[in-house]
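**Student:** Okay, here's what each chain looks like letter by letter:
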Amino acid sequence: MTKIKKLIHKIPLITWFIIVLIVVFSFRSDQYLTYRNLLVLLQQGSVLLVVASAATFVIISGGLDLSLGSILTVSGITSAMAVTAGIPIPIVFLVGGITGFLCGAVNGFFISYCGLPPFITTLGSQGIFYGIALLLTNNEGIVIYDESFLILGANIGGMIPMAFVCCFILYIIMIIVQDYTRFGRYIYAIGGNAEGARLSGLRTRFWKFFIYAFAGMMTGLAAVILTSRLEVADPLVGDRWEFEAIACAILGGTSMNIGKGDVKGTILGAALLTIIRSGMNVVRIPSLWQSAILGTVLILAIVFQVRLSLKEGRG
Amino acid sequence: MQEIKNKKLVDMRHITKIFPGVKALDDVSFDLESGEVHVLMGENGAGKSTLMKVLAGAYTPDGGELFINDEKITQFDPVSMKNKGVGIIYQEFNLVPYLNVAENIFIDHMPKKGLLLNKKEMHRKASELLKDMKMKVDTHVLAGEIPVAQQQMVEVAKALTNDIKILIMDEPTAALSGVEIDQLFEIIRSLKKRGIGIIYISHRMQEIPVIGDRITIMRDGQYIATENVKNISNDQIVRLMVGRKLGDLYQRSEHTVGKPALKVEHLTSKRAGLQDVSMKVRSGEIVGLAGLVGAGRTELMRAVFHIDPYDSGKVIVKGEEIRQKATVRNMIDKGVSLIPEDRKQQGLSLILSVSQNIVMASLKKISTGGWLQKKKEREIVEKYIKELNISTPSPEQKANNLSGGNQQKVVLAKWLCTEADIIIFDEPTRGIDVGAKKEVYSFMDNLAKEGKAIVMISSEMPEIIGMSDRIYVMRDRKIVKELRGNDVTQEMILSYALEGARMEGENDKN
Numbered sequence: 144m145t146k147i148k149k150l151i152h153k154i155p156l157i158t159w160f161i162i163v164l165i166v167v168f169s170f171r172s173d174q175y176l177t178y179r180n181l182l183v184l185l186q187q188g189s190v191l192l193v194v195a196s197a198a199t200f201v202i203i204s205g206g207l208d209l210s211l212g213s214i215l216t217v218s219g220i221t222s223a224m225a226v227t228a229g230i231p232i233p234i235v236f237l238v239g240g241i242t243g244f245l246c247g248a249v250n251g252f253f254i255s256y257c258g259l260p261p262f263i264t265t266l267g268s269q270g271i272f273y274g275i276a277l278l279l280t281n282n283e284g285i286v287i288y289d290e291s292f293l294i295l296g297a298n299i300g301g302m303i304p305m306a307f308v309c310c311f312i313l314y315i316i317m318i319i320v321q322d323y324t325r326f327g328r329y330i331y332a333i334g335g336n337a338e339g340a341r342l343s344g345l346r347t348r349f350w351k352f353f354i355y356a357f358a359g360m361m362t363g364l365a366a367v368i369l370t371s372r373l374e375v376a377d378p379l380v381g382d383r384w385e386f387e388a389i390a391c392a393i394l395g396g397t398s399m400n401i402g403k404g405d406v407k408g409t410i411l412g413a414a415l416l417t418i419i420r421s422g423m424n425v426v427r428i429p430s431l432w433q434s435a436i437l438g439t440v441l442i443l444a445i446v447f448q449v450r451l452s453l454k455e456g457r458g
Numbered sequence: 404m405q406e407i408k409n410k411k412l413v414d415m416r417h418i419t420k421i422f423p424g425v426k427a428l429d430d431v432s433f434d435l436e437s438g439e440v441h442v443l444m445g446e447n448g449a450g451k452s453t454l455m456k457v458l459a460g461a462y463t464p465d466g467g468e469l470f471i472n473d474e475k476i477t478q479f480d481p482v483s484m485k486n487k488g489v490g491i492i493y494q495e496f497n498l499v500p501y502l503n504v505a506e507n508i509f510i511d512h513m514p515k516k517g518l519l520l521n522k523k524e525m526h527r528k529a530s531e532l533l534k535d536m537k538m539k540v541d542t543h544v545l546a547g548e549i550p551v552a553q554q555q556m557v558e559v560a561k562a563l564t565n566d567i568k569i570l571i572m573d574e575p576t577a578a579l580s581g582v583e584i585d586q587l588f589e590i591i592r593s594l595k596k597r598g599i600g601i602i603y604i605s606h607r608m609q610e611i612p613v614i615g616d617r618i619t620i621m622r623d624g625q626y627i628a629t630e631n632v633k634n635i636s637n638d639q640i641v642r643l644m645v646g647r648k649l650g651d652l653y654q655r656s657e658h659t660v661g662k663p664a665l666k667v668e669h670l671t672s673k674r675a676g677l678q679d680v681s682m683k684v685r686s687g688e689i690v691g692l693a694g695l696v697g698a699g700r701t702e703l704m705r706a707v708f709h710i711d712p713y714d715s716g717k718v719i720v721k722g723e724e725i726r727q728k729a730t731v732r733n734m735i736d737k738g739v740s741l742i743p744e745d746r747k748q749q750g751l752s753l754i755l756s757v758s759q760n761i762v763m764a765s766l767k768k769i770s771t772g773g774w775l776q777k778k779k780e781r782e783i784v785e786k787y788i789k790e791l792n793i794s795t796p797s798p799e800q801k802a803n804n805l806s807g808g809n810q811q812k813v814v815l816a817k818w819l820c821t822e823a824d825i826i827i828f829d830e831p832t833r834g835i836d837v838g839a840k841k842e843v844y845s846f847m848d849n850l851a852k853e854g855k856a857i858v859m860i861s862s863e864m865p866e867i868i869g870m871s872d873r874i875y876v877m878r879d880r881k882i883v884k885e886l887r888g889n890d891v892t893q894e895m896i897l898s899y900a901l902e903g904a905r906m907e908g909e910n911d912k913n
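Those sequence lines, one after another, are chains A and B. Under the numbering used here, the first residue of the first sequence is numbered 144, with each subsequent residue one higher. Under the numbering used here, the first residue of the second sequence is numbered 404, with each subsequent residue one higher.
Hints may contain errors.
Stated by the list, open to error - Among the chain B residues that face chain A by a calculated CB cut under 10 Å, a handful are:
#1 Ile549
#2 Ile710
#3 Ile769
It is worth saying that the hints were derived from the structure and are not from the lab. Here the structure is a predicted model, which is why all the values come from computation and not from measurement. Glycine is no exception: its CB is placed at the ideal position from the N, C-alpha and C atoms.
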């Protein structure tokens with residue numbers, strides 16, 4: 144009996160939220176619990192999962208990246224340009240990843256080697272990256288016609304979204320990086336006590352730099368998938384992604400104040416956010432209201448999550 | 404000396420406090436009279452802090468009664484306890500570093516003129532208070548910029564503004580040096596004369612007869628004994644605390660001293676103020692580094708370990724000269740470890756697990772090409788937990804949830820894990836209880852026996868004398884004396900450490 148209780152206790156609270164929402168929405172619409180809708184959810188949520196995981200890494204290390212949305216945009220545009228130039232898909236991924244890596248490296252350089260606060264650095268670089276996106280496209284979206292590239296956004300055999308498969312692979316890679324590599328341990332060490340890590344012989348400066356570059360790279364790879372799914376690279380596509388990514392991380396149990404967190408929880412955050420967003424259509428909330436409502440719901444959920452983790456910290 | 408005594412300020416009867424799974428306080432009784440210093444002793448985890456938190460209103464007891472000035476307390480919260488005259492100075496400082504001294508003293512009730520602050524009045528009152536305490540501090544200086552000892556005094560002043568009757572001091576001397584401790588004791592004596600009752604928590608045996616009137620000993624959440632300080636010996640106290648006989652704290656076994664493992668030659672650093680420092684440690688040897696706080700011991704070792712840069716001089720490890728530009732990583736690879744003094748800030752990461760902390764400095768050893776080998780990690784961690792007798796429910800436990808002594812053992816494990824040949828300990832036993840101290844000592848002894856070279860910075864004289872083969876005394880960022888042999892006394896060390904300290908004090912006034 145107590146074993147079951149313990150097991151139930153181990154399930155994060157957010158899971159129950161998700162279940163309740165799914166039940167509520169499926170009562171409102173008989174279209175909700177269909178396989179087709181699930182495909183839509185998976186497609187929508189998968190890119191967010193990767194960006195949110197990148198945000199999680201940065202947050203665990205005690206940092207913050209407000210430029211992930213704009214990195215997503217720039218990388219989407221460079222990869223779209225590569226596609227248009229007829230470059231094969233694997234190299235397109237390379238282009239997207241490198242763009243993201245370089246953007247993240249800019250953040251990492253200023254934060255780690257120049258000692259600027261992450262908040263102001265990434266807020267500023269956000270502007271730079273958007274600016275580059277606008278310059279590259281002349282403020283016009285790049286429409287993709289290359290059918291072979293669009294496969295990434297399609298469903299395998301009409302059953303499994305390719306975007307989800309790709310993103311989930313990236314997600315698994317990040318879990319492995321976090322739990323099974325030295326780099327993963329460094330992220331925690333730096334977030335937990337940077338000075339202590341330095342005195343333990345870690346090259347904290349380099350690794351801090353690398354964390355941002357890595358987060359940028361993963362976001363850049365996700366951008367390739369997003370571009371394929373949307374069939375267009377839009378210079379404003381990444382708007383508000385940074386907030387949603389950070390929100391997912393926190394909802395998944397990662398703490399903003401101390402280097403505590405787990406990218407494994409972030410998938411729950413991404414699921415919750417995606418379900419809320421799709422659910423708003425189900426319960427017919429006018430689109431003009433959706434942004435305000437989503438923001439409110441997320442902040443409330445975060446308040447709840449933070450209070451919960453405070454309580455746990457004390458006990 | 405006339406002291407107002409015998410009025411009972413605090414009477415705690417049969418207090419019980421239960422946390423999930425632990426009886427933190429089990430039927431504990433404690434009382435405090437006006438004008439006395441009542442020392443509260445016990446190992447870490449004995450329940451001292453919990454008891455004091457009940458008195459300060461941070462915890463509500465699950466059983467028992469508390470009377471303050473014969474009035475039964477029914478509501479436990481920090482504000483109402485403060486209004487009853489209870490003041491508490493925590494071990495960690497709670498000053499705001501970027502506010503000045505006066506603002507810190509009056510942090511919760513700054514004098515106002517209309518809507519605005521009355522700064523003039525505030526500074527006048529603050530300096531008056533400090534003058535009463537015979538303290539010369541400019542109240543306009545930022546709290547973060549004054550020495551630790553003075554910060555402590557500011558904490559006392561802050562408590563006094565609330566018209567306190569009962570003052571709880573949690574290890575007030577942990578960060579102070581000899582002279583500063585005397586200063587603090589002077590203030591405690593003047594508080595006694597005003598009829599204030601003081602509860603004094605400390606791990607330092609030698610302070611008890613100097614400042615205490617009565618002593619209460621706790622163990623495992625239980626009340627053990629209360630005695631007049633005059634009627635109890637240190638041995639008796641220790642025995643009551645640990646519930647067993649400790650034997651001699653400092654035991655050195657037979658060991659052979661070998662070749663020099665670490666040599667420092669003419670090390671000079673403008674930034675740390677170090678001047679032409681030379682020293683050496685041989686394998687199998689424990690070398691003590693004595694001196695007052697601020698003498699430059701930590702700074703010297705930080706420079707040797709290449710945490711901070713130095714301008715000239717040589718650091719030679721096992722006969723090999725280390726590049727001046729070398730990094731901490733290089734030093735670790737060469738087999739040198741530095742176990743820092745500040746456990747919580749530098750030694751460990753409190754939110755990480757015991758296991759993560761232990762392997763943090765030797766991740767290379769447990770990984771191949773960037774990949775962690777979890778099995779190897781588990782083996783190593785379990786080995787050290789056993790070897791050092793770290794009491795933790797599991798290797799996954801957060802370091803934060805361990806007692807101070809066990810945290811210190813985790814730090815030791817972390818550095819032992821690097822399999823260093825030269826180990827620098829900075830205040831290895833600060834803030835840990837006697838039982839854990841003894842374990843640390845026997846551990847150091849073992850390391851020396853195995854042929855490791857050990858440097859120990861310590862402000863506790865008995866520890867320096869008891870454990871060291873040789874002692875370097877530092878003063879004003881120089882090594883002023885090398886002492887060896889069995890007849891080294893505390894007085895000898897102090898006389899070298901102190902000379903000139905007075906001059907420094909006079910410079911401060913200008």
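**Student:** Hints first: check each against the structure and report whether it holds.
**Tutor:** Results of checking the hints against the structure:
Among the interface hints, the one on B:Ile549 is violated; its C-beta lies about 22 Å from the nearest C-beta in chain A, farther than the 10 Å criterion. A least Cβ separation of about 6 Å between B:Ile710 and chain A falls short of the 10 Å threshold, and the interface hint therefore holds. A distance limit of 10 Å between C-beta atoms decides the matter here; for B:Ile769 the minimum to chain A is near 9 Å, and the interface restraint holds.
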